[in-house]
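Chains as they are written, first to last, in our numbering: chain A, 1 to 557; chain B, 1 to 330.
Read the hints as simulated data drawn from the structure, not as lab findings. Please note that a few of the clues may not be correct.
Unchecked claim - In the SDA-like style, the derived pairs of lysine to any residue whose C-alpha atoms are separated by at most 20 Å in a straight line are: (1) A:Lys448 x B:Pro79; (2) A:Lys448 x B:Leu30; (3) A:Lys448 x B:Asp37; (4) A:Lys289 x B:Pro79.
What the hints assert, rightly or not - Listing some non-contacts, in silico: residues in chain B with all C-beta distances to chain A over 10 Å: (5) Leu7; (6) Glu169; (7) Ile170; (8) Gly198; (9) Glu218.
Note that beta-carbon positions come from the ideal geometry of N, C-alpha and C, so glycine has one too.
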Amino acid sequence: MTTQTPTQSTPTRSHPEPHQETTWRTYFSFSTDHKVIGIQYLVTTFVFYLIGGALATAVRTELATPEVDFVSRELYNGLFTVHATVMIFLWIVPAGTGAFGNYLLPLMIGARDMAFPKLNAVAFWMIPPAGVLLMLSFIWGAPAAGWTSYPPLSIVTNQVGEMIWILSLLILGTSSILGAVNFLTTIIKMRMPGLGFNQMPLFCWAMLAASALILLSTPVLAGALILLSFDIVAGTAFFNPTGGGDPVVYQHMFWFYSHPAVYIMILPVFGMISEILPVHSRKPIFGYKAIAYSSLAISFLGLVVWAHHMFTSGTPPWLRMFFMIATMVIAVPTGIKVFSWLATIWGGKLELNSAMLFALGFVSMFVIGGISGVMVAAVPFDIHVHDTYFIVAHIHYVLFGGSVFGLYAGIYHWFPKMTGRMMNEFWGRVHFVLTFIGFNITFMPMHKLGLEGMNRRIAEYDPKYAALNLVCTIGTYILAVSTFPFIFNAIWSWWKGPKASDNPWRALTLEWQTSSPPPVENFVGEPVLVTEPYGYGLNGSAQGIPLESEVTPSPAT
Amino acid sequence: MLAGIALTLVSLWYGQNHGLMPLEGSEESLPIDSLFDLMMTIGTGLFLLVQGVIIVVMIRFRRRQGDLADGPHIEGNIPLEILWTAIPAMIVMILAVYSFEVYRQIGGLGAMDHAMAHAQPKQQMARLAGAAIAAPLAETGPTSLADASSPEPVLPDSTYQLPGDAPYEIQALGLQYAWIFTYPDTGVVTGELHVPVGREILLNINAQDVLHAFWVPEYRLKQDAIPGRQTEIRFTPRTEGEYPVICAELCGPYHGAMKTKVIAHSPQEFAAWMQEQQVASASGLEQAIATVDPAQRSVEQILAPHVESLGIKPEVLQQLHPPMVHAHAS
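Chain B with its partners taken away, still in its complex shape:
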């Protein structure tokens, strides 16, 4: 009995004080961590119970030298067996319901309706009328990039304001071995993700060549980037700061080097940053539009003028593969 109370107390304490998780950078990280704390509490209890029984048995029920008798003939105990079937079943049901609730809170289920609505992304529909969703990469990759330049470039001298109440949409493109983020409301393109704190972000994710995965440990969120289809995640940054963006799906030899940052600004800072970007890119953008039809350009060509502002190393740009069609045919 005493051991039971001690076990419960230790589990409750450790479940809350394990200190295993990094900083909680997004609103979504809060319910996820609560779920994890609960699972740690139950897990610690179960761990101590099983290990405790094993240790006690090893000490108390060792065979004494010369004792060749068998133990008691006990073949089972139905009430006990029902008990240890029912209790785990209940725990599992509670965890399932709780996980479901957490998943709903972080917008996982809402994403379902949204994913349906966005099954054919707006811009792609317009550009590739009639094309299947799994349009060849050669088209989808560069097109989605080029889309960044399609809205009217916002005049540099107008004060930037975050649009409306809807989630703020950002496009993410994963490629070997970098992320490219475009902000459709302004057409700005960056290699690091900038987000305003306190605003729900909708990240539409694509991949150009192979699978990648967008992961921010401090946000507890991860989503695969899949060539040929668009995926999304939603999150609301909670604290200002810089956090790593990590590719979590094996994407080639330099997979471990495919890292960038998410920078969470206060809304004012974000607006100021966006304005700066618009000023910086406006001239380059006009040039680009004037010289080449965007749809014809490769990723390298699009990126070349922005190398410095994107924070992409020139080596990385060198490694950019042409769309996979060519790589495969060769």
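Chain A extracted, bound-state conformation:
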């Protein structure tokens, strides 16, 4: 790319006319446009989110009463196994990295596409078959050994389902790796001239950290799964103790990926929150470098804490101490982020729209998951709550209160850019209120259930836990209902919503400086760095482009 004068000169390359190319058919084709792929990811994974949610609703319905009365015990184990697998591998990981990473990265760094567009399309198109495959496993008996799939149980239970689960995860893992290669290359090599690492929006830093984690850890999961599949079909004994194998080795390999996976799921969302809060607070992000480098610190530390999932697995005590301290240390960079976000909104001028409400909800809920996270890092306490509902509450505060709230915030924030239309604010707020209430009713009581002695992954439980479980189930139904305002709002707005201007939020990052939706190669002419990404309040209100709702003609930039 050659540097050009900041005027809108006639583009040197020939562009196809933007709106001729991207029709609804494009979204069902092998498109190599990163924006199409991003939306393909987002819609596909959201469909899987709904499936995963339906499975969760079935699980909670079973748990509404202490007896086994809604589904059989065998099916129950299949339901929660597939629920977790879908939510992690088909919703949060591909939505955070695949959908938003794909859509936003090239726009934010002023590139015309990802580094490897075809690879990108291949990575996406691996997801639908893998997801369908996983769903089909219910025909032959779903995998029923939990999403952790610990041997020996996974070797002897529902072997067909288990093999389908492994195959599905191998495909999804490959897709994830291909995506990560693309993100890393794009961030490192495709930044527009003059955009140094320290001028990148923080979402790019978060994607850098998450992609590195994917590349380093996913292959280990693949290795573990392939060995596990040999144990199942070929009668080998890598993990099977009947032949001298060691089931604990599997746990190490599994968590070597699956703990970093938590950061793969949360880091992109951290990045999105760091974008959304400044825009709607009209204030620069507080402590740019601290937030950027804390992503890298989390990424590195995330690689050396896996055995905190195994404090009761007979891990040697000195190792438990190491993993305990390493885990607790992660609270420091995470705390830096949380405090920086609070300082960002403090003294700003907050626009409490749906995107902002979900972003604030994210900070609020994630902190609860963070606090319980430090608690369970303490070995003596974890020995009590390991594999109980306390852990169920903890992971949902991190992954639902954290990641899913953040993904919703991202959808509300970038919807105008992606579709060129505005979402309905009223229904957005209804969605937020229902989600927030339903979420807390569902998961807050689980802390107490776990501490008192309710273990997880059970279809039946002691009647003394019946009342709280009923509360959790009611909360789940509220959560299920809460998705409807969102779905109708999104579909209707996409189809008939009011047209959005190029920059309805008066944001300063690069993706808002092009049209909504952006043309096929993102920018007409070479993109220009108008200002630093968080330069709010630099010249009084000079940077602030008036809100669309309040001033009609949008000024030329």
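Given chain A, work out where chain B should sit, using these hints.
Okay, now just chain B, sitting in the frame of chain A:
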């Protein structure tokens, strides 16, 4: 300032009065609960601080209608950032050191030396000379059970006394979907765990088929049972009573039904109970020894005569799988 004091007071009060934990049934539960109380205190403070800031910001710093100006351009504040890096780092270090201390108190670190010494359990060494620690289940499972009968059966009429000062050892075997406890000093086998109060118990845990986990919420202790290797936990029962023993590691469709009880007796009651068991099982034991070589018998065969005294339901016995080798080959 006032808010800060109120926040601290509320945190201190709630940290001590959360009432979230069940009864403290073991000596180990006391330091663990103290640790939890401290973490609840800090956690409550942090929770109130963050939620408070968010609520205040949402009220005080809303954009007024028509105000299109930006907020102040503040990019950061190095001393403040150092402060909120250093304080969490210190808190985390304090928690880590405290957790380490609690872990030492409950004997977690002592278990290290012990685990080394016991890397090859005595009985198994004798029986399976030369066999690797990860001996096939087919052997380890039944063998460890059969071991129960290997010591000289104590004569029923002798008064039972708890052995020496060392931790009182009990073997636990997890299988789908029951626990089997054997008391090596007498050879008694039960389905519910009986322990004397005030005496350190060393529970050696094995699994026959898949992973299980031994958990007593009132004792705050949990340990996985892993086929092919032996794990252990130590605890000292503190109060008399019956508490649930729960399997905490997914072990199959009936995982939720895999429950039994731990019954903590006073030492005298425990001795009396043990004596009773010896009387009850002596005849059955002799029969069993006379008829079959213990090593050849399956779990069902061993358990069959004891079904009633063990408190195992016949259905459960029916479900007992043969050792996994066969299940897998089929």
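Of the numbered hints stated earlier in the document, which are not met by this structure? Violated: hints 1, 9.
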